[in-house]
Amino acid sequence: MSAAREMLCDTARAVFAEAATAGIAPVEEAGFALLLVPEGDGGFGGDWGDVNAVLQIAGVAVPDLPVAALIAGEALQPAAIVSLMAGAMGKALALSIEHVNTRQQFGRPLGKFQAVQQSLAVIACEVRAVEAAAAALAARLDAVELDAAAADFEIAAAKLRANRAVGVVTAIAHQVHGAIGFTAEYELNRVTIPLMRWRGEHGNDAYWAAKLGRQVAGFGGRGLWEALTAR
Amino acid sequence: MQGFALYPFDPPGDVAALRAELRAWLAVNQPQGDIVARANCWASFDADFSRALGAAGYVGMTLPKQYGGGDRHPLERYVVIEELLAAGAPVGAHWIADRQTGPLILRYGSEDQRQRYLPGIAKGELYACIGLSEPGAGSDLAAVRTTARETAEGWRINGQKIWTTGAHFSHIMLALVRTEEGSERNAGLSQLLIDLDTPGITIRPIIDMAGNHDFNEVFFDDVLVPHGTLVGMRGQGWQQVTAELGLERSGPERYLSSQALLAALIDAAGAEPDPAVAVLIGELTAEMWTLRQLSMSTAAKLAAGEDPMVEASVVKELGNAFEQDMPRRVQAIVDCPWGDPGDLGRLLRALLIASPSFSLRGGTREVIRGIIARGLGLR
Ligand SMILES: Cc1cc2nc3c(=O)[nH]c(=O)nc-3n(C[C@H](O)[C@H](O)[C@H](O)COP(=O)(O)OP(=O)(O)OC[C@H]3O[C@@H](n4cnc5c(N)ncnc54)[C@H](O)[C@@H]3O)c2cc1C
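Line order of the protein sequences matches chains A and B.
Taking numbering that gives the first Met the number 0, the leading residue of the first sequence gets 0, the next gets one more, and so forth.
Taking numbering that gives the first Met the number 0, the leading residue of the second sequence gets 0, the next gets one more, and so forth.
Don't take every hint at face value.
[To be verified] Here chain A is said to cover these stretches of chain B; the calculated rule only asks that three of the stretch's residues, wherever they fall, bring their Cβ under 8 Å from a Cβ of chain A:
id: 1; segment: 272-283
id: 2; segment: 289-302
id: 3; segment: 311-321
No lab work stands behind these hints, which were simulated from the structure alone.
Being a predicted model, the structure only gives us computed values, none of them experimental.
All C-beta atoms in this analysis are idealised placements derived from N, C-alpha and C, irrespective of residue type, glycine included.
When you get a sec, could you build the whole thing from the sequences and use the hints?
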């Protein structure tokens, strides 16, 4: 990550921490609405790679605040939500790892049991897949200067992939946590409930699968490969 | 394994031109054989094709010129192999030599071994097989018992390998053997590069459930090979094999073997697909696109000289699951009798039958998940 983006992320973490209790005002005051606005127009001149990084933090820290809507327009909301989801899934994985390393049963940490290890490997794969999808979508959006229509294939594929990961990630994260993860107090639900919500927002699985499927049918069998490698 | 940085896939030179050249070459040179051979095509043997591919400069691409290679960047090679796999080209004969044995010889081999084997590998004429598994050493590879004792004349090998893909057509085997008497587990192992026409070696076919002869049993009965067959450091076999498996697990073949079925499904569906089929195509495409991003990023990390052991395992795990899922889901939705003579029916049947092997070869699903769990800090 570039030094500029690291700084941006540090700022985002600090501002979102404040916003978690104070609401959206600190995010507005910090100027996040100007993230994508060119420097010449008085903005920060950021790209979607920056947005992806910032929204992954927002997905964990302030999942209920309209940060994505502040930064990007309607056409880019499905893309924005993929970044929120990637961030939240990363947090669900991190919480799960921490929990199984500390919670002891049968005289050992849960993480020493092979069944638990294999379950966590499964969610780790899902999280890596969604992170990769979010990053690849960002690269495409930046290559086409944020023209959502030119990135329609990637938006559909990334949102669909993220949606499909939600079921696996939330189920396993809760399973390895046991009852504590089902409490209002413990923080796992602060990422899993938003994940459940985001799966249905800006296009559920059926919506994107049908859309992408029809687009690919138009490419034809060999055409799909040609389209993938030409983009 | 905290956070996943997507390594930018940025090969030098004109990638579009590289693809276009190769596609034009394939249009002329790819045999128009059976559609089923296009699925799982890195198991399809065709010596003439391998030789032609080598002559065109598409084998041993990353090996240095002095050994007959192309001195190309690893990511240029990646572009070439993903194109070959997507086209379903019969690359099985030289696949293992090109993917892992050649690079391993370059990295650990002696000058003599390099000069002796690398030019043949780069021509697409010299084939290799991997001698790891034994009857008592499957997932538990450290249980290898085949021994090689050092004598005045050379190494004397006794023991047995099994499941050795391509041993029947290969010229050499890179074998993991126990060179240190009394050693246990992953200590005392070494890699030997064995010419398979050496007296005392017996290769017997094992026919797989698809009726194909791909893998074999290989017996070593007091086989004498020269001292110079040792690759790398004596006793460092385990470390070297681990590096080799990184090359073996990370490639695009872990998600592109079933590309022919996806293409056939799309073609059969037509431009106005049935809604349920459109949804299936959409879901499979999203997964394939994501896997391609993960695979390219892993290749870029490997090319940057870093060790992507965990990332490679993620690609293999998700790729295997995708490829095993695809024929099952196609069968669940498309009405296609078992004996259907069309492309889609034949590919579907072939991949349903081949797919159990995907999460066995190159490390089982459970072993791969264990590696990922170690990356998470759980073991
Ligand atoms: C098509 C094909 C090609 C192959 N080609 C080659 C080749 O060219 N060269 C070569 O050396 N080998 C080759 N192999 C062998 C392959 O590497 C082995 O099949 C694999 O390592 C598993 O070993 P095994 O078959 O003995 O199964 P086992 O090790 O007996 O495993 C059986 C099952 O038990 C599970 N299991 C084992 N141990 C554990 C554990 N500790 N915890 C949880 N689960 C466990 C496994 O995951 C698996 O599901 C090939 C295999 C296939 C199918």
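Is the listed coverage of the segment 289-302 of chain B by chain A valid when you require three or more residues with a beta carbon under 8 Å from a beta carbon of that chain? Per the Cβ count (6), the hint holds.
Is the listed coverage of the segment 311-321 of chain B by chain A valid when you require three or more residues with a beta carbon under 8 Å from a beta carbon of that chain? holds (count 3)
Coverage assertion for the segment 272-283 of chain B with respect to chain A, Cβ distance below 8 Å, three residues required: holds (count 9)
Violated hints for the displayed structure: none, as all numbered hints are satisfied.
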